[in-house]
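S.K.: So you can see what is in the structure, the chains are spelled out below.
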Amino acid sequence: QVQLQESGPGLVKPSQTLSLTCTVSGGSISSGGYYWSWIRQHPGKGLEWIGYIYYSGTTYYNPSLKSRITISVDTSKNQFSLKLSSVTAADTAVYYCARAVSGSYPLYYYYMDVWGKGTTVTVSS
Amino acid sequence: QSVLTQPPSASGTPGQRVTISCSGSSSNIGSNYVYWYQQLPGTAPKLLIYRNNQRPSGVPDRFSGSKSGTSASLAISGLRSEDEADYYCATWDDSLRGVVFGGGTKLTVL
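Each protein sequence line maps, in turn, to chains X and H.
Position 52 (the first sequence) corresponds to 52 in my numbering; numbering is contiguous.
Position 5 (the second sequence) corresponds to 5 in my numbering; numbering is contiguous.
Treat the hints with caution; some may be incorrect.
What the hints assert, rightly or not - Think about it this way: if two alpha-carbon atoms lie no more than 27 Å apart in a straight line, the pair counts; the simulated DSS-like pairs of lysine-lysine are:
| hint | chain 1 | residue 1 | chain 2 | residue 2 |
| --- | --- | --- | --- | --- |
| 1 | X | 77 | H | 106 |
| 2 | X | 83 | H | 46 |
| 3 | X | 66 | H | 46 |
| 4 | X | 45 | X | 77 |
| 5 | H | 46 | X | 45 |
Claimed, not checked - Far from chain H, some chain X residues (derived; all Cβ distances over 12 Å):
| hint | residue |
| --- | --- |
| 6 | 46 |
| 7 | 58 |
| 8 | 64 |
| 9 | 67 |
| 10 | 76 |
| 11 | 86 |
| 12 | 89 |
| 13 | 92 |
Derived by calculation from the structure, the hints in this document are not laboratory data.
Beta carbons are placed, not taken as given, at the ideal position from N, Cα and C, and that holds for glycine.
Let the hints inform the model, and build the full structure from the sequences given.
M.R.: Spelled out as structure tokens, the structure:
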């Protein structure tokens with residue numbers, strides 16, 4: 001079965017760029033059909049959807065974060081990545097990568113069916 | 001402030017039936033499917049219900065979802081101690097053009 005694992009620095013300085021990678025095992029990103037997503041959870045708070053990438057490179061970002069986000073995919077490594085620029089303390093959170101299912105019949109649907117365990121990122125000097 | 005409104009807490013005794021509500025608007029719940037996620041303490045969220053009322057393989061039929069207008073509900077029957085977790089509703093919002101979540105409901109099994 002598909003498993004996802006986040007990796008990256010646990011501490012990032014303010015104004016710098018947060019970079020995380022999600023490694024997918026048990027399935028191939030390039031086989032298509034799924035949308036590889038990022039979600040975060042601020043300490044003690046709810047969930048915030050960040051965006052997704054398709055194996056072809058097509059991306060869709062949360063409009064509220066769009067100016068600072070870049071999601072990319074490396075199908076040769078079966079990985080996808082998140083970059084969040086100009087971070088502040090407000091970006092401190094647990095970051096999850098997830099596989100999402102999406103389609104449009106009979107109604108548009110998009111939901112995360114497999115999640116990674118999450119990685120904690122703290123923004124502090 | 002979350003786009004979808006959930007009660008912050010709910011509780012029940014073992015064997016009881018509890019429901020968790022999720023309120024939205026015409027641009028989100030009113031025109032899209034609703035999803036529910038369960039987050040056990042210290043773990044990642046897990047998909048519990050998709051497309052309003054469908055259960056992924058492995059999710060007990062004690063869990064059920066429903067939607068009416070701009071609101072949705074998650075019902076848990078035969079409550080068990082292992083159901084103690086945070087529950088989040090989610091959907092797509094046509095106006096915000098993205099996935100929106102409820103603030104989460106902490107379920108306590110007394």
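S.K.: Please go over all the hints and tell whether each is borne out by the structure.
M.R.: Hint check results:
no.	hint	in the structure
1	X:77 - H:106	violated (38 Å)
2	X:83 - H:46	holds (24 Å)
3	X:66 - H:46	holds (26 Å)
4	X:45 - X:77	violated (33 Å)
5	H:46 - X:45	holds (16 Å)
6	46	violated (5 Å)
7	58	holds (15 Å)
8	64	violated (8 Å)
9	67	holds (14 Å)
10	76	holds (26 Å)
11	86	holds (20 Å)
12	89	holds (19 Å)
13	92	holds (18 Å)
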